[in-house]
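Input sequences plus hints: build the corresponding full structure.
Sequence lines, in order, name chains A and B.
So in this note's numbering, spot 519 of the first sequence is number 519, and the numbers just go up one at a time.
So in this note's numbering, spot 121 of the second sequence is number 121, and the numbers just go up one at a time.
Each pair of labels, with its calculated beta carbon distance range:
(1) A:396 to B:12: 25 to 31 Å
(2) B:303 to A:302: 42 to 48 Å
(3) A:12 to B:11: 20 to 26 Å
(4) A:27 to B:296: 51 to 57 Å
(5) B:100 to A:302: 57 to 63 Å
(6) A:30 to B:309: 54 to 60 Å
(7) A:510 to B:181: 48 to 54 Å
Which stretches of chain A does chain B cover? Using the computed rule of at least three CB atoms under 8 Å from a CB of chain B, they are:
(8) 330 to 344
(9) 383 to 396
(10) 472 to 483
Hints listed in this document are in silico derivations from the structure and should not be mistaken for laboratory results.
Virtual Cβ for every residue (Gly too), placed ideally from N, Cα, C.
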Amino acid sequence: MNPVSRWPRPRLASGVLIALFVTFLVYPLTRLLLLPWLPALGPAGTAATNGGTALGLSAAAIENSFRLALLSAVFAVPLGVAFGWLTERRQWRGNRLVTPMLWLLFLTPSYILTMGWEIVFSGPVLRHGWLASVFFSRIGIVGLLGLKGVPFACFAARSSWRAIGAEIEDAARVYILSPWRRAGLLLRLLLPAAGSAGAVVFVESIQDFGIPATLGAQLHLPIVTYAIYQNLVTMPIDFAGAARLGWSLVLMAIAAALLHLWLTARYAGILVHGRRRAFHREPCGPVVEAAAAAALLLVAVLGIAIPGIAIVGRALQPIEVHAVAVIRWDSLGFSAIYGASAALLAVFMAIAMLEQRRRSSAVTARIADILSFANLAVPGLVLGAAYIIAFNSRALPLYGTPLLLVLAYVAAVAPMLIRFLQAPIAQIHSNMSDAARLHRVPFASRVVEIQAPLLLVPGFWGWAMAFGQIYFELPISELLYPAGRPPIGVTLVLLNQYLYYGDEARVALAGIGVCLFIIGILALLIRLLAPVATEEFAR
Amino acid sequence: MKKLAIAGAAVVIILAAAIWLLFPGSTKGLVLYSAVDYGPGVAQAFTKETGIPVKVIELSTGALLARVSAEGKTPNWSLVWFDGDQAAAALDQAGLLAPNTLPRLPWTALGGSLLPLDGSYTPTGVTLAGVFIYRPKNLADPPSGWDDLTSANLTGQFGMDNPTISGPTYPLFAGLLAQSGGWPKGQAFLLALKKNGLHIYPKNTNTLTALRNGDIKIAITQSSAAWNVATKYPGFEVRVPKPAFLLPSVIAAAKTLDPKALAECRQFIRFAMSPSTQKLRMTKGGPDSFYWPLTKDAPPPRAILPPLASLDVETLNPAHWGMREAAINRWLNNAVLTQ
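In structure tokens:
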């Protein structure tokens with residue numbers, strides 16, 4: 001009996017994976033998006049449309065959404081790639097600050113970041129100055145969306161910078177004389193990671209509602225998400241109208257996904273293999289060091305220090321005694337459990353999908369990849385409504401359970417994780433597993449002894465990113481949270497609604513602290529488990 | 001291998017915790033979707049008195065309506081409680097509300113005028129859709145009516161929430177349209193407000209911050225929010241414009257409930273309207289506690305509120321204006337909210 005082929009059965013595993021993927025990641029949103037043509041798929045027993053009286057979509061709205069998102073990606077990706085290069089390829093005193101700073105920025109939800117800046121610009125000195133007019137404009141919107149994208153761009157780029165071994169640069173030095181062409185070669189190897197970061201930042205920006213709605217309030221800037229939002233909160237609610245508008249975002253996301261796939265197909269390289277040699281980091285020159293310090297200062301001051309101080313200041317306001325008890329401190333714990341489990345499932349799903357794609361160049365895997373991107377493109381309110389409509393039935397009665405909330409979170413973060421983990425998985429040469437397989441090492445041992453150690457660290461950081469995003473997620477949470485178990489986003493919204501701003505700031509800061517604590521503890525654990533890999537990955 | 005086993009154990013612990021949490025809880029009792037801050041307190045008191053468990057899901061009004069509409073005719077909720085009889089009328093027209101849940105109560109004349117014919121929702125109190133909140137030190141002579149906002153001395157000095165983001169603002173716009181000749185004739189008045197520098201902010205927080213900072217001299221907000229601010233922060237005063245538009249809070253039950261659950265819902269509604277519970281709503285509520293009761297046996301409203309009889313108030317037909325919300329919001333977005 002051949003132990004290699006006996007377990008697992010690849011076709012069965014693939015079938016189960018595809019069934020899960022289609023049921024939980026593709027079906028809900030597809031059903032909602034088809035409402036304009038198939039209204040019978042709408043909420044049980046009601047019309048999916050109010051007769052087309054709600055807001056339509058203008059070309060200006062599409063253009064604004066596209067332009068803001070593109071500029072945010074253009075701002076975030078080069079900065080992220082540069083930070084990745086600094087942390088992975090250069091010895092620099094500031095490197096110790098880069099990683100925690102970017103994690104703090106990544107974990108701070110955009111609505112908290114916006115709130116911090118709003119507090120800053122409500123002060124008497126800045127309120128009417130030119131800085132305020134710049135901030136409450138397209139420049140401010142792009143700046144905040146871009147700042148939020150920098151950490152992901154850096155995390156995605158780091159894995160590729162790390163994977164490019166010394167042997168590649170040595171070979172380039174021997175065969176390519178021009179230093180510019182050598183740099184060009186390295187940048188080409190980074191294009192898949194940069195494309196992944198660019199696509200994710202672009203798509204997350206086109207679906208963002210809070211930042212453009214708040215900063216662009218006085219501009220009355222038409223954007224697609226604003227029009228969608230109006231369809232979903234104006235009675236009678238028009239899901240078909242929202243779906244029609246959602247198509248424009250989905251098409252933009254698919255275009256971004258196709259561009260990323262093309263970059264991956266054209267420029268991806270196998271970088272992790274048995275002969276890879278570690279890269280020795282060189283010290284920075286004075287010019288590079290000055291530029292790096294300036295970039296670090298820029299992101300730290302604009303992304304963390306100024307809004308952070310404003311929020312801490314508000315949190316230090318005297319504690320009020322409220323007649324109504326709306327501070328649900330237990331929501332910090334609920335969000336931690338929702339986030340931890342959803343992020344874990346999302347990491348497993350992303351790795352399984354990427355492995356599936358590696359094993360076969362199946363077109364279905366690529367189609368699935370693109371389809372999953374649609375979940376990232378639509379606003380959370382649309383995704384939440386899609387999950388209610390899809391799973392509030394006798395056939396799949398999941399609505400109202402925490403499980404559905406977790407599954408919707410998985411759908412929301414899986415596209416980002418697929419892109420984040422794509423480079424680390426694609427860069428692992430298959431000959432390592434192949435050699436073991438030829439030596440009749442069983443599948444379980446191959447997974448545990450070869451795949452798991454290589455994927456443990458990138459998988460963990462992917463989990464941490466997903467956890468941070470889910471922890472503060474708001475619109476999906478509002479629509480799907482089960483009774484008595486509110487996530488932190490719901491608590492923050494209620495505190496804001498009741499004008500308890502000091503409590504809102506305190507709960508937000510506590511949430512960031514809980515997030516950092518959990519990730520920190522687990523990072524330490526991983527460091528103990530895989531010291532070498534961690535040193536390589538999470539310097 | 002040993003280390004990986006530890007990692008595996010960690011994963012198992014996380015999943016075990018998740019499974020424990022994800023395991024569906026008891027399905028007994030009622031589920032209340034509440035966008036009013038006293039909702040959880042009332043639910044707790046009801047359970048204490050009757051033994052019927054009530055699970056509360058607290059939501060903003062917009063999210064509540066989206067959730068209820070997405071559930072359609074297979075609702076997970078038993079009761080909804082929010083501000084705005086126009087939205088309630090729209091839910092009723094969609095066939096989502098159980099008829100005849102209105103309790104027999106000693107209604108005031110105003111309360112009686114707000115009752116729906118089919119008894120599909122119960123008005124539980126009223127606030128005003130728009131009042132003027134201002135700082136006397138910045139504005140000695142506040143306007144008394146809506147027409148005053150078009151005067152030259154208030155150009156660019158007043159602001160309100162975006163009606164397409166902040167739910168309770170729509171009834172205000174509907175009221176302004178109604179008193180200016182109806183829809184679409186009343187558009188001219190809203191365009192005049194725009195011409196005189198009306199500021200539109202995303203939501204209450206932003207409008208009140210602009211007022212506090214002195215960016216505007218008058219914030220036009222729901223009366224409950226205005227009196228809450230005036231109570232919490234010294235130096236603010238509230239003026240009720242003539243006319244002011246009533247914004248009832250409403251409670252309703254789902255149409256598809258079984259007879260037992262429907263009976264429990266009726267019991268809850270009656271409990272919510274009892275004098276002792278209304279006292280609780282006024283004392284244990286947040287901003288929403290600043291409401292005028294609609295029953296004769298209710299305790300008097302909070303002391304800061306003027307007698308409702310002393311105010312010039314108008315009631316809007318919820319069915320008439322509820323049906324036009326999408327069309328009016330579309331026009332507002334294109335004609336008033338854009339530059």
